[in-house]
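J.: Single-letter residue listing:
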Amino acid sequence: MRRPENLRPAAAPFLGFARLLRDHAFPIAPEQTTSFMQAVTLLGPRSMDDIHEAALATLAPSPDRRGEFEAHFRAYFYGDAKPMTEGEEDDETRVMDDCGTREEETQIARQEKGGELSSALEQLSSRDFPGDADGLGQFRRKLAATLPARRSFRTVRTRSRGTLDLRRSLSEIVSADGDIPSPLLRRRQTVARKLLLLIDVSGSMKLHTADYLKLAHAAVQGADRAEVFTFGTRLTRITSALRIRDREQALARAAALVDDWDGGTRMGPTLLAFLSVPRFSAFVRGACVVILSDGLERGSHAELEIAMRRFSARAFRLSLATPLAGDPRFRPATAALRAILPVLDDLVDGSSLKGLSDFILSLARPAPAAETIWKRVS
Amino acid sequence: MTNADAVAVAASPEAIAARLAASRYLADDSLATAIFLAIRLGKPLLLEGAPGVGKTEAAKAVAELLGRELVRLQCYEGIDAGHALYEWNYQRQLLAIRHAGEHEIDIYDDRFLIARPLLQVLRAPERRVLLVDEIDRSDHEFEALLLEFLSDFQISIPERGTIRAATQPIVILTSNRTRELAEALRRRCVYHWIGYPDAQREAEIIMLRSGHVAEATARAVANAVQQIRARPLAKPPGIAEAVEWANAATILEKGGSPWPEAFRRAIGVLIKDEEDLSAVAPELGRIVEEALA
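Those protein sequence lines, which keep their order, are chains E and R. Its first residue numbered 1, the first sequence is counted upward by one per residue in our numbering. Its first residue numbered 379, the second sequence is counted upward by one per residue in our numbering.
Source of the hints: derived by calculation from the structure; they are not laboratory data. Because the structure is a prediction, the values reported are computed rather than measured. Keep in mind that the hints are not guaranteed to be accurate.
[Stated by the list, open to error] Derived pair list, reagent style DSSO-like, types lysine-lysine, alpha-carbon separation capped at 27 Å: (1) R:Lys-613 - R:Lys-650; (2) E:Lys-375 - R:Lys-613; (3) R:Lys-632 - R:Lys-650; (4) E:Lys-375 - R:Lys-632.
[As the list claims (entries may be wrong)] Using C-beta positions, here's what the derived DEER-type ranges look like: (5) R:Ala-459 - E:Ala-149: 16 to 26 Å; (6) R:Glu-668 - E:Arg-22: 12 to 22 Å; (7) R:His-590 - E:Ser-281: 26 to 36 Å; (8) E:Arg-151 - R:Arg-470: 23 to 33 Å.
[To be verified] Covered stretches of chain E (chain R as the covering partner; in silico rule of three or more C-beta atoms under 8 Å from a C-beta of chain R): (9) 208-221; (10) 353-365.
Glycine residues also receive a C-beta, built at the ideal position from the N, C-alpha and C atoms.
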């Protein structure tokens with residue numbers, strides 16, 4: 001990269017450090033780089049500690065990634081061994097967006113060793129879905145009205161139960177020549193929360209993906225703001241395919257978009273990849289997130305746990321619907337499920353379309369946390 | 379105090395740390411540096427950390443060190459512009475209209491404007507420090523509103539025009555991190571994560587904060603609290619709780635309980651969660667013994 005003319009050579013390392021962080025998916029804005037250099041100048045710098053403090057204060061790494069940040073700092077300024085963050089090629093989780101304009105590749109750290117239940121082999125195949133009628137019409141019609149609502153910043157006029165709309169009342173008074181008619185009221189509008197469906201399309205979910213996609217189609221048609229992604233070994237956004245009104249057409253289009261039908265699962269890394277795309281993770285903020293998956297994670301579940309914690313910190317309600325819970329003997333006993341249970345708001349049965357659509361319609365109703373419910377059962 | 383004076387006060391991170399200590403707040407180097415940078419770069423200071431590590435206290439200490447008044451905006455779910463920026467006092471406006479009769483009256487006069495914290499600070503940036511407390515509790519719309527305020531330091535009142543700050547106000551934001559803040563907000567601020575202090579610093583804080591606790595007690599409390607925090611609790615005790623525990627134990631001891639017993643009986647001010655209490659209770663005796671040794 002070319003160095004600007006008026007920049008002193010001594011400043012180059014600081015620019016370089018910001019660039020290095022950016023390469024490792026730290027969100028660093030140009031203005032942060034500027035304040036980093038200003039801060040270093042202000043502090044002297046008298047020692048490496050000053051540079052370190054300045055970097056922490058201005059580049060603002062999130063506390064979750066503090067360790068990683070420190071490793072990069074040491075590697076860059078002290079020349080220590082390279083931090084172990086680069087994965088091998090097969091660990092790249094590909095993010096596909098059906099707009100077809102962007103395809104992002106996010107590198108994910110690797111720590112797992114391999115497991116037995118699900119395989120990471122990418123088996124690329126496409127599939128067709130036969131269409132049939134199954135009472136999703138009602139779900140679609142009810143959805144927009146039953147999703148949890150939040151108060152918006154905008155206000156609407158109202159006849160009762162509101163606060164005084166001062167501006168309009170006063171202009172009324174002015175037009176009525178100082179006479180005070182009955183005051184006009186306004187109330188904060190309520191809007192439905194966003195709905196995000198994340199559908200696991202790996203081999204172990206084979207029996208259910210067709211149903212889930214039908215549900216997703218109904219959800220996209222019914223809700224004001226819904227997004228649907230599929231994940232297996234890759235992450236694919238299929239929302240705009242599902243916007244097509246005709247179900248068969250929509251599902252056929254969506255089926256063609258997804259490359260990783262019936263392959264392995266890399267739930268943790270794909271969900272982290274999802275969160276690392278800013279506009280996707282911004283969608284999660286205050287949304288109802290429903291993950292349709294059996295939660296069987298290959299190898300270590302550390303990444304899954306991190307991803308779920310981040311989801312739950314952003315989302316309004318985080319639910320995992322697993323088809324395994326259809327079995328009355330089901331208990332969240334796998335290490336991965338036990339680890340993520342405390343951050344889940346709901347862990348529900350995802351084996352039947354009816355149960356699942358009823359659950360989504362009941363999202364607005366408060367329920368005890370998943371951990372409480374399952375503790376009671378076991 | 380003008381901004382030039384503020385810059386003079388903030389000559390170096392060490393000077394800040396010394397002045398903070400004078401106002402009974404012990405800051406580590408990192409926090410002193412962050413405060414120094416925030417004042418000198420003219421950026422808001424974002425403090426994040428677990429509940430009870432002294433974020434709000436830090437803001438109070440900064441206001442004191444600058445000799446300014448602290449204006450606090452407590453955030454909560456559903457906070458809106460009327461609570462943060464300004465409101466018109468419409469009852470008074472209506473009364474004034476009645477009272478004026480045939481005379482002309484300016485109902486958008488200063489008399490009728492209720493200044494909320496953000497406007498208060500804009501009007502006298504050299505006398506006030508703004509604390510936006512627990513921003514993570516507010517909705518993301520409010521965060522966006524704040525973002526606009528923090529980048530331009532101006533408020534537009536349609537009836538009055540735009541009010542600008544004469545000089546850059548000093549703003550401190552705190553967050554408990556119950557949810558993640560927007561990247562844009564973090565980006566605009568000087569950031570500092572306040573962690574729990576080490577045992578020695580905590581003992582110093584306990585002695586500074588409560589006058590009558592003996593040094594040995596403060597050390598024992600600091601050591602024990604470090605041990606308790608290392609356990610997986612739902613709500614690890616903060617510094618404020620540690621100070622109260624030391625206080626409570628001292629009072630009980632003066633009332634006649636022997637030492638380890640006084641600590642055990644005062645545990646209610648340190649751990650305020652039933653499940654945590656039952657998790658810690660069996661080991662408490664050993665922890666206290668070790669801390670006292």
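J.: The structure should be examined with respect to each hint, and the outcome stated for every one.
T.: Status of each hint after checking the structure:
Between R:Lys-613 and R:Lys-650 the alpha-carbon distance is near 8 Å, which keeps this suggested pair within the 27 Å criterion. The hinted pair formed by E:Lys-375 and R:Lys-613 meets the criterion: a straight-line CA distance of about 20 Å does not exceed 27 Å. Under the criterion of a C-alpha separation no larger than 27 Å, the hint pairing R:Lys-632 with R:Lys-650 is consistent with the structure, at around 24 Å. Straight-line distance between C-alpha atoms of E:Lys-375 and R:Lys-632 comes to about 44 Å, which puts the hinted pair past the 27 Å bound.
In this structure the hint that R:Ala-459 and E:Ala-149 lie 16 to 26 Å apart at CB holds, the actual value being about 20 Å. The beta-carbon spacing between R:Glu-668 and E:Arg-22, approximately 46 Å, falls outside the hinted interval of 12 to 22 Å. Our hint of 26 to 36 Å for R:His-590 and E:Ser-281 is violated, since their Cβ atoms are close to 50 Å apart. Distance hint check: the CB atoms of E:Arg-151 and R:Arg-470 are about 28 Å apart, consistent with the given range 23 to 33 Å.
Coverage of a stretch by a chain is defined here by at least three residues with a beta carbon nearer than 8 Å to that chain's beta carbons; for the segment 208-221 of chain E and chain R the count is 0, and the condition is violated. For a cut-off of 8 Å, the count of residues in the segment 353-365 of chain E with a CB near a CB of chain R stands at 0, and the three-residue condition is violated.
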